[in-house]
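Visitor: Input sequences plus hints: build the corresponding full structure.
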Amino acid sequence: MYAKLILRGLSRHRKKGKRLFILLALCSAAMIFTLTFQTSFTSRYEAMGIDLYTAHLAVLPTESPKLKEGFFATNKEKLELMDYSGALKDRITSDPRVETAALLLETTGMLQTLENENQPFYSLIGVEPDLLGRIFPGVQVLSSSGPLTWNPAEKEIPLYRPLVEFWERVKNPEEFIPGNLKLKGTRAEEFFRQASQELGLNPLSGESGFLEALNRFLKEGDFLAKIKPLVDRRLAERYQETLDNALADLENNREPQRWPALKKRVLRALYPQALSPVQEEPTLNRSLTLTVPPAAQEGVMTSPLVLPVVYKGFVQRFPLYFWNSYMDIRVLREELGLKESQGTSLYLRAKNLAEVPGLKRDLESLIKEHNLDLKVADYQYLGRMHMSTAQAFSVIGGILIGLFLLTVGIFIINSILLALIQRRREIGTAVALGLSPVQNLLVFLGETGVLVTVSWIIGAVLGGLMVWAFTVWGLPGMIFFPGDTLYFLWNPGAFGTSYLMILLTAGFSALLPLLGLLKKKPVDLLKEGQ
Amino acid sequence: MLTLKLVLRSLVSHAQRSFILLAVVGTVSMLLFLFLSFSDGEIENFKEGVMGIYDPPSDIRVYSAGAREAMDQGEEALTVYALALKDSPQLMEILAKRPGVRQVFSPGQMVRQDILYQGEKIRNFMWRALDPAADPWMRNKLRVVEGRDLDPAAPQPQVLLHKSSKSFIKAPVGAQLTLIGQTLFGQAVSQEVQLAGYYAPEQDNPNLGTIGFITPGGYLMASGWNPGETFALGVNLEKGVDKAAAIKDLSAWSQEQGLGLSFWDFEKLPGDVFNVYSMIRVIILFMTVIILFIITVGVMNIVAVNLQDRRREIGTYYCLGAERPFLIRIYTLEILLTNLLAAGAGVLLGLGIRAWINALKITTEESGLQLVFGGSVFHLGFSGESVGWIIGGTGILTVVTALFTLGKALKVSPVSAIKEEEA
Numbered sequence: 001m002y003a004k005l006i007l008r009g010l011s012r013h014r015k016k017g018k019r020l021f022i023l024l025a026l027c028s029a030a031m032i033f034t035l036t037f038q039t040s041f042t043s044r045y046e047a048m049g050i051d052l053y054t055a056h057l058a059v060l061p062t063e064s065p066k067l068k069e070g071f072f073a074t075n076k077e078k079l080e081l082m083d084y085s086g087a088l089k090d091r092i093t094s095d096p097r098v099e100t101a102a103l104l105l106e107t108t109g110m111l112q113t114l115e116n117e118n119q120p121f122y123s124l125i126g127v128e129p130d131l132l133g134r135i136f137p138g139v140q141v142l143s144s145s146g147p148l149t150w151n152p153a154e155k156e157i158p159l160y161r162p163l164v165e166f167w168e169r170v171k172n173p174e175e176f177i178p179g180n181l182k183l184k185g186t187r188a189e190e191f192f193r194q195a196s197q198e199l200g201l202n203p204l205s206g207e208s209g210f211l212e213a214l215n216r217f218l219k220e221g222d223f224l225a226k227i228k229p230l231v232d233r234r235l236a237e238r239y240q241e242t243l244d245n246a247l248a249d250l251e252n253n254r255e256p257q258r259w260p261a262l263k264k265r266v267l268r269a270l271y272p273q274a275l276s277p278v279q280e281e282p283t284l285n286r287s288l289t290l291t292v293p294p295a296a297q298e299g300v301m302t303s304p305l306v307l308p309v310v311y312k313g314f315v316q317r318f319p320l321y322f323w324n325s326y327m328d329i330r331v332l333r334e335e336l337g338l339k340e341s342q343g344t345s346l347y348l349r350a351k352n353l354a355e356v357p358g359l360k361r362d363l364e365s366l367i368k369e370h371n372l373d374l375k376v377a378d379y380q381y382l383g384r385m386h387m388s389t390a391q392a393f394s395v396i397g398g399i400l401i402g403l404f405l406l407t408v409g410i411f412i413i414n415s416i417l418l419a420l421i422q423r424r425r426e427i428g429t430a431v432a433l434g435l436s437p438v439q440n441l442l443v444f445l446g447e448t449g450v451l452v453t454v455s456w457i458i459g460a461v462l463g464g465l466m467v468w469a470f471t472v473w474g475l476p477g478m479i480f481f482p483g484d485t486l487y488f489l490w491n492p493g494a495f496g497t498s499y500l501m502i503l504l505t506a507g508f509s510a511l512l513p514l515l516g517l518l519k520k521k522p523v524d525l526l527k528e529g530q
Numbered sequence: 001m002l003t004l005k006l007v008l009r010s011l012v013s014h015a016q017r018s019f020i021l022l023a024v025v026g027t028v029s030m031l032l033f034l035f036l037s038f039s040d041g042e043i044e045n046f047k048e049g050v051m052g053i054y055d056p057p058s059d060i061r062v063y064s065a066g067a068r069e070a071m072d073q074g075e076e077a078l079t080v081y082a083l084a085l086k087d088s089p090q091l092m093e094i095l096a097k098r099p100g101v102r103q104v105f106s107p108g109q110m111v112r113q114d115i116l117y118q119g120e121k122i123r124n125f126m127w128r129a130l131d132p133a134a135d136p137w138m139r140n141k142l143r144v145v146e147g148r149d150l151d152p153a154a155p156q157p158q159v160l161l162h163k164s165s166k167s168f169i170k171a172p173v174g175a176q177l178t179l180i181g182q183t184l185f186g187q188a189v190s191q192e193v194q195l196a197g198y199y200a201p202e203q204d205n206p207n208l209g210t211i212g213f214i215t216p217g218g219y220l221m222a223s224g225w226n227p228g229e230t231f232a233l234g235v236n237l238e239k240g241v242d243k244a245a246a247i248k249d250l251s252a253w254s255q256e257q258g259l260g261l262s263f264w265d266f267e268k269l270p271g272d273v274f275n276v277y278s279m280i281r282v283i284i285l286f287m288t289v290i291i292l293f294i295i296t297v298g299v300m301n302i303v304a305v306n307l308q309d310r311r312r313e314i315g316t317y318y319c320l321g322a323e324r325p326f327l328i329r330i331y332t333l334e335i336l337l338t339n340l341l342a343a344g345a346g347v348l349l350g351l352g353i354r355a356w357i358n359a360l361k362i363t364t365e366e367s368g369l370q371l372v373f374g375g376s377v378f379h380l381g382f383s384g385e386s387v388g389w390i391i392g393g394t395g396i397l398t399v400v401t402a403l404f405t406l407g408k409a410l411k412v413s414p415v416s417a418i419k420e421e422e423a
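Protein sequences appear in the order of chains A and B.
Residue numbers for the first sequence follow the numbering used here, so the first one is 1 and each next one is one higher.
Residue numbers for the second sequence follow the numbering used here, so the first one is 1 and each next one is one higher.
To be clear, the hints were calculated from the coordinates, so they are not data collected in a lab.
In this text, a Cβ means the ideal position worked out from N, Cα and C, and glycines have one as well.
Check before you lean on any hint, since a few could be wrong.
[To be verified] Taking lysine-lysine pairs in the DSS-like style, the calculated list, with each CA pair at most 30 angstroms apart, reads: (1) Lys268(B) - Lys47(B); (2) Lys47(B) - Lys66(A); (3) Lys408(B) - Lys18(A).
[Stated by the list, open to error] Over 12 angstroms on every C-beta distance to chain A, these chain B residues come out as not near it, computed from the model: (4) Gln90; (5) Pro155; (6) Leu348; (7) Pro414.
[Unchecked claim] Cβ pair distances, simulated, as ranges: (8) Ser413(B) - Leu7(A): 30 to 38 angstroms; (9) Thr471(A) - Phe286(B): 17 to 25 angstroms; (10) Asn245(A) - Ser190(B): 26 to 34 angstroms; (11) Thr471(A) - Leu4(B): 49 to 57 angstroms; (12) Leu417(A) - Gln103(B): 56 to 64 angstroms; (13) Gly100(B) - Gln279(A): 35 to 43 angstroms; (14) Glu229(B) - Leu353(A): 52 to 60 angstroms; (15) Pro137(A) - Gly260(B): 52 to 60 angstroms.
Guide: Encoded structure:
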């Protein structure tokens, strides 16, 4: 009987309920999207942290900066070392739960170009090249010109650095652009005349004409031959050295991709008052000098280790938080005078995430048993800082879900109130025919339930399509992830959770005005109809 | 005028009927305002907190001619800092006397130096000069949590370190530290300093962990400046003074006096783009749009039902000679005024809640949450842009509602005005 009454009621008043139906469907879709976004963000972020930075477990010396509070604890120059040998090594290598174990040397380094320009401050990780992709599978090599493995016969040591960031990119690296001209007005005009005469340019008038002619000059094959006669012009002493160095760099250069930048540097050295400094984008096969602090600090000014390195690859990094470069650990060990069993941290990757707590407990027991000066940290502890970001997004998602439910609640209350007013005659008639107010309430609740269920199905299809789209193509603009894109993960729980939440909210919201119906006497309902 | 009169009368007479619409739009506006305030708060926290310490804000920045351009174009440090302002105390005095100028100060240039303590070096600390008495603005941004305040008159230079550095430097208050590094001019320098204490910023952020404060004497040694030299001055204007006009006046005055200064609007200077917070703001704005879209459907439903119940009124208007465009105007204006009233009420309520939450001073020590909040104190900010979004969204909501409901609702026969009464 109830089913018949419910379906008849819905069918009779379907036009009036159309917009509410659409609203419920949209809310359902939005909730499914938001719930999936929350779980996808958290799961992906955690997985990214494990794959790029923390692995599953780390065995660290007790004094390791990674165990200290403070974002910059790792700025400490001194290396806190551990020994990976004996019982610890035997245990880990024989444990079937461990997929990969890698002993790393984590330190810091300063990079300088061969023109003595400082590059950003680096976190440097020495790792066995074969193990890098296994212990940190997220550190994908995006482009490379050679392996990370060090060849002692070669002068330069390979270095894999993070991918080139937007602030390192150089617009128009092969040409001068208006932003490179320092002079304005009549002084600029004077410079155009002087440079055109000296370089033999035939420019059209104005800034754009001059730049066009200058850029053509840059591309000419006999650039050096034309420039050399100008070198004897009188420059202030401090600029003469810069010019000499720029010329020497150009003459000695063996990296074809650097010709344009080096030529620009020569022109800049010739006209330092008129042209701004030349920036160069990091490129593969670029030679640099790396200075690394010694393993132990002695005295105020300790000489660092100076190593000739070459960029051999660009790798993925953990966006916004960590900026790690990688080098063959053998080089660092040799230069720092360390044994093969020495490192700053031992990272472990388990075959199964579920086995991590058990593995951690066993390692802690072993450490205690052998009285080793080590601690074990899991990925949750090591990732506590960046995981707060995921927590914050979960909270934002939770607030949004609350908003959607509030919307559902308010509009359901409104609809029920209107229905009670507009269908009073119908209710009164039903009561006159023997239906009690409680039964009427159940019919209305049933209508609400069916409406919510059917609209949820439509919403689930819509939400499911959106989730599918973002699973395949990813949600753009997510700067927290590589490629600024978050790829959703299917979460069937989101569908069930959204349905339950909407159903309960709608049911509770419908109940509030309907409770008034229980207090109505049948006579009152019929009277109002008249 | 007639339209407005009719609309206002309708609003008053149908106040009860409009209540649910007011409640919905008002509640949603309030919640969206708080949502956008969260994003405003992040940005304000970061600007006032982290950036306030890295680069204290001002209305106008003053440089010597060519200095700012040299820095922006990436000239080497020696070239840039050679363009320093000489005799800055006298310059500050002269500038402070200019009409419209409220305050002149030296924001200072941070210098990078490492700390050496008990044979261990900790790299990449950034040092800022602080004279607590002479620079109350900066001093009020910190709390000394252990030890004592800096004393510029002390025989040895003193430093304050961020409290988070205590766990890995492990130096007690009063310890002798060595600062080593290069001056701004590339010269190697080393000096002994005394650790006066540890500080916590009022608005903490993990990025402040390596910022240290040093007494002015020690700063001169570390930076390589001569006494009286500085790279830039900050000028704050009196309230109501137009910034662009002030910059023009000051530039003309400087040229007249032969001072060789350049004046820049601080907000327009190239600086760090708060990528993270900008992105969170975009996400929040996107969510706002989705919520407004969903709400629009519900509002359309309410308005449609309301108008359905007012068919007699509409029929009466037609009987009196009103035409459809006139009625569209009336009802659109009625919906607009209702929505604006509700949105306004929602924003006002949101402002009240914002004030209450800010008064609670909810604080976190979690570094990750500090990064998301922009600082250690959860703060809901305020910006005209956020209010604009809500009002603008309300306007769009009105237009869409009017477009999709009025068409059908106004298809009423004038006869219905009489017919329904008979029935």
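Visitor: All hints, please: hold or fail.
Guide: Consistency of the hints with the structure:
1. Lys268(B) - Lys47(B): holds (14 angstroms)
2. Lys47(B) - Lys66(A): holds (29 angstroms)
3. Lys408(B) - Lys18(A): holds (14 angstroms)
4. Gln90: Consistent with the label, Gln90(B) stays out of reach of chain A, its closest Cβ about 29 angstroms off (over 12 angstroms).
5. Pro155: Given a closest Cβ separation of 21 angstroms, the condition holds.
6. Leu348: holds (19 angstroms)
7. Pro414: Consistent with the label, Pro414(B) stays out of reach of chain A, its closest Cβ about 24 angstroms off (over 12 angstroms).
8. Ser413(B) - Leu7(A): 30 to 38 angstroms: holds (33 angstroms)
9. Thr471(A) - Phe286(B): 17 to 25 angstroms: Holds, at about 19 angstroms.
10. Asn245(A) - Ser190(B): 26 to 34 angstroms: Given range 26 to 34 angstroms: holds, Cβ gap about 29 angstroms.
11. Thr471(A) - Leu4(B): 49 to 57 angstroms: holds (52 angstroms)
12. Leu417(A) - Gln103(B): 56 to 64 angstroms: Since Leu417(A) and Gln103(B) have Cβ atoms about 59 angstroms apart, the given range 56 to 64 angstroms holds.
13. Gly100(B) - Gln279(A): 35 to 43 angstroms: holds (39 angstroms)
14. Glu229(B) - Leu353(A): 52 to 60 angstroms: holds (58 angstroms)
15. Pro137(A) - Gly260(B): 52 to 60 angstroms: holds (58 angstroms)
No hint from the list above goes unmet by this structure.
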